[in-house]
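Participant: Going line by line, the protein sequences match chains L and E.
Following our numbering, the residues of the first sequence are numbered contiguously, the last one being 192.
Following our numbering, the residues of the second sequence are numbered contiguously, the last one being 192.
Calculated directly from the structure, the hints in this document are not laboratory data.
No false leads were slipped in.
One copy or two, either will do: identical chains are not told apart, so a pair holds if it fits within one copy or between any two.
With a cut-off of at most 27 Å between alpha-carbon atoms, the simulated DSS-like pairs for lysine-lysine come out as follows: (1) 114 <-> 51; (2) 5 <-> 51; (3) 5 <-> 122; (4) 114 <-> 130; (5) 7 <-> 130; (6) 5 <-> 137; (7) 68 <-> 51; (8) 130 <-> 5; (9) 95 <-> 24; (10) 95 <-> 114; (11) 122 <-> 24.
This structure is a prediction, so every number in the text was calculated from the model and none was measured.
Here are the chains, one letter per residue:
There are 2 protein chains.
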Amino acid sequence: MEKEKFIPNLYIALTHYPVVDKRGDTITSAVTNLDLHDIARVTKTYGVKSFYVVTPLADQQHLVKKIISHWTDGSGAVYNPSRRRALELIQLKDTLADVAEDIKGIENVYPKTVVTCARKYPASTGYKEFRDILKLGRPHLLVFGTAWGLTEPFISEADYILEPVMGPTDYNHLSVRTAAGIIIDRLLGA
Amino acid sequence: MEKEKFIPNLYIALTHYPVVDKRGDTITSAVTNLDLHDIARVTKTYGVKSFYVVTPLADQQHLVKKIISHWTDGSGAVYNPSRRRALELIQLKDTLADVAEDIKGIENVYPKTVVTCARKYPASTGYKEFRDILKLGRPHLLVFGTAWGLTEPFISEADYILEPVMGPTDYNHLSVRTAAGIIIDRLLGA
Numbered sequence: 003m004e005k006e007k008f009i010p011n012l013y014i015a016l017t018h019y020p021v022v023d024k025r026g027d028t029i030t031s032a033v034t035n036l037d038l039h040d041i042a043r044v045t046k047t048y049g050v051k052s053f054y055v056v057t058p059l060a061d062q063q064h065l066v067k068k069i070i071s072h073w074t075d076g077s078g079a080v081y082n083p084s085r086r087r088a089l090e091l092i093q094l095k096d097t098l099a100d101v102a103e104d105i106k107g108i109e110n111v112y113p114k115t116v117v118t119c120a121r122k123y124p125a126s127t128g129y130k131e132f133r134d135i136l137k138l139g140r141p142h143l144l145v146f147g148t149a150w151g152l153t154e155p156f157i158s159e160a161d162y163i164l165e166p167v168m169g170p171t172d173y174n175h176l177s178v179r180t181a182a183g184i185i186i187d188r189l190l191g192a
Numbered sequence: 003m004e005k006e007k008f009i010p011n012l013y014i015a016l017t018h019y020p021v022v023d024k025r026g027d028t029i030t031s032a033v034t035n036l037d038l039h040d041i042a043r044v045t046k047t048y049g050v051k052s053f054y055v056v057t058p059l060a061d062q063q064h065l066v067k068k069i070i071s072h073w074t075d076g077s078g079a080v081y082n083p084s085r086r087r088a089l090e091l092i093q094l095k096d097t098l099a100d101v102a103e104d105i106k107g108i109e110n111v112y113p114k115t116v117v118t119c120a121r122k123y124p125a126s127t128g129y130k131e132f133r134d135i136l137k138l139g140r141p142h143l144l145v146f147g148t149a150w151g152l153t154e155p156f157i158s159e160a161d162y163i164l165e166p167v168m169g170p171t172d173y174n175h176l177s178v179r180t181a182a183g184i185i186i187d188r189l190l191g192a
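I would like the entire structure built from these sequences, with the hints used as guidance.
Facilitator: Structure follows, in structure tokens:
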């Protein structure tokens with residue numbers, strides 16, 4: 003049975019702060035070039051409204067701008083126009099609070115926040131259930147954490163926590179790029 | 003409704019030859035470090051038996067070996083043991099014919115080949131249909147092409163062509179890393 007396709011009122015954010023390292027300490031992670039490319043292409047494919055890249059560090063913001071402009075204004079735009087159409091959906095913000103304000107400016111309400119985590123929480127929301135919520139059309143912001151994931155307080159404060167992506171094994175160490183693709187396909191794919 | 007989980011008799015290959023460039027000419031593409039990491043982690047997550055990386059170029063094979071050994075024998079193995087468990091599933095081969103021979107050595111029969119393509123073919127197989135085929139337990143080899151994808155003759159000769167991964171838009175330019183994650187989740191995810 004094919005699932006019904008729909009254009010969602012969904013925004014996504016990839017945050018580099020606040021996230022945790024291997025030991026669970028809160029850190030600001032470095033930006034990974036291919037995270038921007040891969041998740042921008044997912045954003046464009048699935049009709050997500052914007053892809054916010056969040057980092058408070060000036061040098062990292064400079065790097066993000068340089069990557070984007072190469073593909074949107076530079077020689078990359080001529081070489082690969084389809085890549086331009088994806089990367090131009092990226093918006094750079096200092097904090098997740100700035101992202102929420104930006105969306106409020108567009109939608110007139112703050113988005114409900116949705117987070118993903120490799121651990122299962124008692125209150126986790128399933129993909130089918132959240133797909134049905136998205137179909138109602140209210141704005142939602144889906145937040146992905148880099149490094150070892152979002153911090154515990156941030157996860158607890160979200161409106162929804164999606165179930166971890168699991169295959170038939172107990173191994174769950176996907177890259178954030180891959181996890182973002184799979185999660186958005188489960189929510190919006192046919 | 004949750005889909006039933008099962009451990010498949012599936013192998014995957016990422017090939018750097020024969021693939022096409024932007025103009026449709028047959029080329030040998032360069033290896034991308036994060037393709038190896040991301041697809042190895044998908045392989046481990048979904049219980050795929052092996053992840054074959056195919057390139058006929060000696061310098062590229064040297065690069066692949068160096069990446070793998072850093073995470074399986076080097077300091078990376080100590081730093082991140084879960085990454086080691088994924089990367090040790092990678093096997094390096096010169097050609098796809100060598101991959102098929104290797105699988106025959108394990109399974110006593112050649113695998114049926116399955117390819118993916120961003121274009122829709124009249125004979126494309128849907129994900130649900132192919133999931134049911136996999137459940138029968140016969141060995142299959144799912145082949146992903148790098149660059150602008152697999153060559154036309156190679157696609158035509160495959161036993162199955164999977165439908166392109168599409169969202170609700172007409173944009174279909176996912177990275178091979180993301181496409182591999184989504185396709186394998188559709189076939190083997192819960």
